[in-house]
Structures are given as structure tokens and as C-alpha cells.
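2 protein chains.
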Amino acid sequence: MSGKVGNQTIAITRKVIIRNRACIVSKKEKAGPLGEFFDQVEDEKFEEETWEKAESKFMKSTYSKLVTSCNITDQDVDCILSGDLLNQCMATGFALKHTGRPIIGLYGACSTMAESTAIGALLVDGGGFNNVVCMTSSHYCSAEKQFRGPLELGTQRAPTSQWTVTGSGGIILSSEGDGPVITNVTLGKILDFNIADSNNMGAAMAPSAASTIITHLKDTGRVPDYYDLIVTGDLGIYGRQLCEKIMQEEGVHFTQNRYKDCGELIFDPLVQDTHAGGSGCGCSAVVLTGYLLDMMQKKQINRLLFVATGALMSPTSVKQGVPILGVAHAIAIENV
Amino acid sequence: MSGKVGNQTIAITRKVIIRNRACIVSKKEKAGPLGEFFDQVEDEKFEEETWEKAESKFMKSTYSKLVTSCNITDQDVDCILSGDLLNQCMATGFALKHTGRPIIGLYGACSTMAESTAIGALLVDGGGFNNVVCMTSSHYCSAEKQFRGPLELGTQRAPTSQWTVTGSGGIILSSEGDGPVITNVTLGKILDFNIADSNNMGAAMAPSAASTIITHLKDTGRVPDYYDLIVTGDLGIYGRQLCEKIMQEEGVHFTQNRYKDCGELIFDPLVQDTHAGGSGCGCSAVVLTGYLLDMMQKKQINRLLFVATGALMSPTSVKQGVPILGVAHAIAIENV
Numbered sequence: 001m002s003g004k005v006g007n008q009t010i011a012i013t014r015k016v017i018i019r020n021r022a023c024i025v026s027k028k029e030k031a032g033p034l035g036e037f038f039d040q041v042e043d044e045k046f047e048e049e050t051w052e053k054a055e056s057k058f059m060k061s062t063y064s065k066l067v068t069s070c071n072i073t074d075q076d077v078d079c080i081l082s083g084d085l086l087n088q089c090m091a092t093g094f095a096l097k098h099t100g101r102p103i104i105g106l107y108g109a110c111s112t113m114a115e116s117t118a119i120g121a122l123l124v125d126g127g128g129f130n131n132v133v134c135m136t137s138s139h140y141c142s143a144e145k146q147f148r149g150p151l152e153l154g155t156q157r158a159p160t161s162q163w164t165v166t167g168s169g170g171i172i173l174s175s176e177g178d179g180p181v182i183t184n185v186t187l188g189k190i191l192d193f194n195i196a197d198s199n200n201m202g203a204a205m206a207p208s209a210a211s212t213i214i215t216h217l218k219d220t221g222r223v224p225d226y227y228d229l230i231v232t233g234d235l236g237i238y239g240r241q242l243c244e245k246i247m248q249e250e251g252v253h254f255t256q257n258r259y260k261d262c263g264e265l266i267f268d269p270l271v272q273d274t275h276a277g278g279s280g281c282g283c284s285a286v287v288l289t290g291y292l293l294d295m296m297q298k299k300q301i302n303r304l305l306f307v308a309t310g311a312l313m314s315p316t317s318v319k320q321g322v323p324i325l326g327v328a329h330a331i332a333i334e335n336v
Numbered sequence: 001m002s003g004k005v006g007n008q009t010i011a012i013t014r015k016v017i018i019r020n021r022a023c024i025v026s027k028k029e030k031a032g033p034l035g036e037f038f039d040q041v042e043d044e045k046f047e048e049e050t051w052e053k054a055e056s057k058f059m060k061s062t063y064s065k066l067v068t069s070c071n072i073t074d075q076d077v078d079c080i081l082s083g084d085l086l087n088q089c090m091a092t093g094f095a096l097k098h099t100g101r102p103i104i105g106l107y108g109a110c111s112t113m114a115e116s117t118a119i120g121a122l123l124v125d126g127g128g129f130n131n132v133v134c135m136t137s138s139h140y141c142s143a144e145k146q147f148r149g150p151l152e153l154g155t156q157r158a159p160t161s162q163w164t165v166t167g168s169g170g171i172i173l174s175s176e177g178d179g180p181v182i183t184n185v186t187l188g189k190i191l192d193f194n195i196a197d198s199n200n201m202g203a204a205m206a207p208s209a210a211s212t213i214i215t216h217l218k219d220t221g222r223v224p225d226y227y228d229l230i231v232t233g234d235l236g237i238y239g240r241q242l243c244e245k246i247m248q249e250e251g252v253h254f255t256q257n258r259y260k261d262c263g264e265l266i267f268d269p270l271v272q273d274t275h276a277g278g279s280g281c282g283c284s285a286v287v288l289t290g291y292l293l294d295m296m297q298k299k300q301i302n303r304l305l306f307v308a309t310g311a312l313m314s315p316t317s318v319k320q321g322v323p324i325l326g327v328a329h330a331i332a333i334e335n336v
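The listed protein sequences correspond, in order, to chains A and B. Quick note: the first sequence, position 219, residue 219 per the numbering used here, numbers continuous. Quick note: the second sequence, position 257, residue 257 per the numbering used here, numbers continuous.
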């Protein structure tokens, strides 16, 4: 039974274990600095006719990998929590319709991996659910087409623009099994700092990331160095600098290298021409499930604060010139 | 602490009370058969420049009404669960950014009122949350523009087409206060019956509604007449007939007038030219919060199964000719 701590944080009191993890990426992600941590790589079309169907297949295959490598069946899955960037979350719908299991659709833009994990942890903690799958996906081509313009135009990219990750990542939360546990979740509020440039999403999300981290530390009474690593995603190079600046102004300081960002980690901007870094729901999802949870498994880190960030905007809202809103949810993951 | 019952149902074991309810509709809804139950009516532009901003204002005003008429403040709200039909759920983002409270964005198409209520009930039952707001909205003009075509074209409507409700409805779930309680939730799976006609959403959703109701009855061991009323939403006239037919074929029979549909209840098709009936997330939300919960308050009914249904489709998926997927979640609400 969970308990509220402070203003936005819930302490998870049952043992909620990350029982399994899986991710599948495309070639550009595999060629990046974290390439060795992703165990399956597929062409961006993944043998499908459209990018949208390909994105669904990334998610569908990740779900299958999650379930089969854990030696459970669909029937053992009590609920699937998932969302994506496509209008009306269509990647999720087509990826998971074959499962025959209860599905809760989420929308939190690029914060979805933390959002699904937060709700999943609360459901398992509540006692009515055992195996809960939390997952998300994104796809460079379907996202560019939907949010910016036809790829065929070859439009020049702004220095602050980010590169949507093609891939899907997911975890199974359970009260059984082995793995790190989720100890706290801090649910984020929506902030509006009047940023309307869809090529500068890092600036729209940075205040939300800073707000959620500061609130989490205040709510739990922890100092920043309680965590071996605090990771935001996906602010990118400039968003991460902005987030760090806001936190410093609020008196929150980190020991060097204890604060990183998924968008910065996944690509090498000089070699891969990715400008400010990676983005998309898939970015923080594959960095968490491929890289960060691997570090936890090897005990290279034992306490992780995972803070996925979302830029809330739509093709329509961008054309209407209204601001991009930011949101961020934080998950404390610990080896116990 | 909640407990799993059967395949897709969770029994809520703490007292999770519907502490307050509110809804705001536009003129067409006010002019319909349930008009007297909606306590605020606004012009479809609601003094805003765009239909999207108007939709947000319907939701923002409904949230304010919910909180103030309950004599609580934003700070007493532990979490807001909300989603809508606009691409990337932008109505929710702009409606709730001023609250400063944790927000979980959902996407379940027109099933959102049941989806948000299900998750809200599970969170309150889990012990970490007290006042949880569950809400949604839709808007005829923003939905037609996004999913079908410019209103200015005056395109002829198909006989099976439905009319998106303009309005917003919401409830506050709490472990305190007076009101009916939520006793069970049945989370739905995604079904694909290969319906690709976006003017016949009722056919795409009917099998999901039937599946969720049948599963709910099987999981809980209840007979259909346990409920004074089972209400689906928003299948419309033809979808409701189809749902009833599927259930009859599966051996589930109702006493006359114990099964109704929100899409059929909200408009008078002969007078209001609404063809198959109402639709949109707002449809089941305002019928629940305006009409059905009023009947419960007056003890005209004491056991209600509320089954909101969603047609999962996007402007892109419709153009690509892929099927419309269906989903339905059920909430058992009882006067105890």
C-alpha cells in the first residue's frame, strides 16, 4: 500500500521489481555511443509498408521479447501501460491488439516511459496487479512527417533541433522475480514557459525536469548525491545545460558526472549529425532499458533517479503558435 | 488494497467515493433530451479565438467547478487523470497547466471517462492518493476538422455517422465525502474487427463493449440484472443494436430498458439531425456526470455499470486505410 510523501511523491511500500527489460532500436541508434547495449537492431522500415506500421512492429516485437524472455505468457500479463507520439497513439493500438490483454493508453509525449512506469508501480503496489508491462516507442520518420514536414524536402535543421530515436523499450513490473525495485515516484505538473519553437523542445522541457527533480528531493528529504545517477530524458545538449542552471539557481548541486541526459547519451552529435541530441518517447525508453538498467544489473550504479521529460505540442498547436508545454515524471530505482 | 477477480477485473476494496461531479456542455447538447441535467451551457467558441482553445476552456471551467463546488483547493488534489481526442491531447494540456498539480495524460479515445475513472479508483484504493480528478472533453468542431474535413465544406453525413459532443465532464474520487462508490473496474483489451469506415465507429466499438461487459459479468459472477442499468457510450443507435446482438448470441440477456447507450440518450436524432447519435469523449462524460450520477443521487438507480467505448483511429490511419480498433472499460458504481 503506497503512501503520499510531500507534495507530488508517492512512496512505494510493497516490493515492486523490474523483472525484465527489452528494447529494439534502428541502425542510427545502434551506431551511437550506447550501441553495444541494444540487443536487437532493425531497419527503419522493419519489413513493413509504412513508417507507422514499422513503429508498431518495433513495439510489438519489444513486447514479445519482454514476455518470452521472462518465461511468462500473455495470459500472465495483468495490464499493459503504453503510449507513443503518433496522433491518437496509433503505434500502441496496432502493436498490442494481438495480446488480448487489458491496455491502458497513455499520453505524456517523451515522458511516457516514466509515466507508464509510475502508474505501473502504483498498480502493482496497490495489490490488484502482478505482471504489468510498461512501454513506449518512437520513430524518426513518422515523427518528422507528423510534427515538422516531409522528410523528402530535406529541410535544414536548427542547431537546437533534436533527432527522434527510432525504437521501442519496455519493462515488466512485478511483485515476483529478481531485479532492481521502484521505491518512489514523483508525478509532474504541466509547466508553460512560453516557448513556441518546435525546434527547441529542450528549452520547453528543462524547467519541468528541474521542477520535478527539486520537488522529488524536497518530498523525500534526499540530497542529490543520494543517487549515483540522475538522468533526464530527453532534454538534449542545450536543455540539459538549462536544467542544470535552473537547479543550481535553486541551490541543487551535483557531484560531477552524476547528472546526465538520455538525449545527450544516445548519439554522438559530431559524427552522427544529430545537433542537440536524441528525442522521442523511445529515447529515454531504450537508454533506460538498454543502458541504465544494465549498469544497475552490473552494480555499477545502485541508485538511479530516472526523469523522463515530455514536450506537449501537436501539429495543430505549433501552427496556431501556442506555447509548447513541459512535463516530467521521476522514478527512483534502487538495488536493494 | 485491490484484488484481481477473474481475467480482467479488479475489485476495489477500500471505499472509493465519487465525491463530486461537474459538466459543461454547448447549446446543441443543452437542447437535447438530457438538457435539464447539464447545469452550465456555453457557446461553442466559449469566448475563445479557436475551437481548440474553446475545448480547453470547457475542460478548465469544468475542473474549476469540480474543485470549488466541493470546497477544496487545487492543493487538495493529489492527481488529475485526463485525456481528450485532440492530437497529442492538447485540450488537456492547456486546460490543466494552471493547476500546478500532478497530471497523468491518458489516451483511450471515447473510452477516456471510464479509463480515467478506472485508474483513479485504483490509485485511491492503493492508499497513496486522496482526491483524484478524472475527466475528459470533446468538441464537435475541433474533432470534425481533425478527423474528417473542414466544417465549411458542408459535407453530407452518412446515416451511421455520429455527432461529436461539445462539452467536458469530470468527477472527484476520494476516500472521504459522500456519494456512490466504485466497487469494480474491468479493463478492456483492444479488438480489431476490420472496420475501416470512420463514419461507422459504432460498428468498430460494439464488439469491444460486448466483450468487456461479458468479461465483467463472468469475472464477478454477476447476472446482467444485478445492475439497474448498464450503459455503454458512445456506440450510437446502430452500434448499440450490434452490441446487444453480440451479447444475445453469447447468452447475455437484459430485462427491457436495463441496457442503454450514452450516444443514443444525448440527442434526439429526428429533431436534432444527429444521425446515429452522439460521440466523443465528452459524450459519455457528460451523460455520466450530468444524468446517470444524478439518477444515482436520487436513488432512481442504485447499481450502474458504466462502459465507455473508444474507437482507436487517427487522421493518418484513416487515410492509410487500416482498421479502426475498439476498446471499452467498465466501471461498477453502487449506492451502498
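Just so you know, the hints here were simulated from the structure itself, not pulled from any lab data. Some hints here could point you the wrong way.
As the list claims (entries may be wrong) - Heads up, incomplete: computed chain A residues facing chain B, CB under 7 Å, no partners named:
(1) Lys-4
(2) Gly-6
(3) Cys-89
(4) Leu-123
(5) Gln-297
(6) Leu-312
(7) Lys-319
(8) Gly-321
What the hints assert, rightly or not - Where chain B lies over chain A, by a calculated footprint (3+ residues, C-beta under 8 Å):
(9) 78 to 88
(10) 171 to 177
For each residue, glycine too, the CB sits at the ideal point set by N, CA and C.
Quick rundown of the hints versus the structure:
1. For Lys-4 of chain A, the interface hint holds, since its Cβ comes within 7 Å of a Cβ in chain B; the closest pair sits about 5 Å apart.
2. Hint status for Gly-6 of chain A relative to chain B: violated, with the closest Cβ pair at about 11 Å, above 7 Å.
3. The restraint placing Cys-89 of chain A at the interface with chain B holds, with a minimum CB-CB distance near 5 Å, inside the 7 Å limit.
4. For the restraint placing Leu-123 of chain A at the interface with chain B, the shortest Cβ-Cβ distance is roughly 6 Å, inside the 7 Å limit, so the hint holds.
5. Given hint, Gln-297 of chain A at the interface with chain B, is violated; its Cβ is 28 Å from that chain's nearest Cβ, farther than 7 Å.
6. At about 4 Å, the closest approach between the beta carbon of Leu-312 of chain A and any beta carbon in chain B falls short of 7 Å, and the interface hint on this residue holds.
7. Taking 7 Å as the C-beta contact cut-off toward chain B, the hint placing Lys-319 of chain A at the interface is violated, the least distance being around 10 Å.
8. Here the hint on Gly-321 of chain A is broken, as its CB sits about 10 Å from the closest CB of chain B, past 7 Å.
9. A stretch counts as covered by a chain when three or more of its residues have a beta carbon under 8 Å from one of that chain; for the segment 78 to 88 of chain A and chain B the count is 7, and the coverage holds.
10. With 0 residues bearing a CB less than 8 Å from a CB of chain B, the segment 171 to 177 of chain A misses the requirement of three and the coverage assertion fails.
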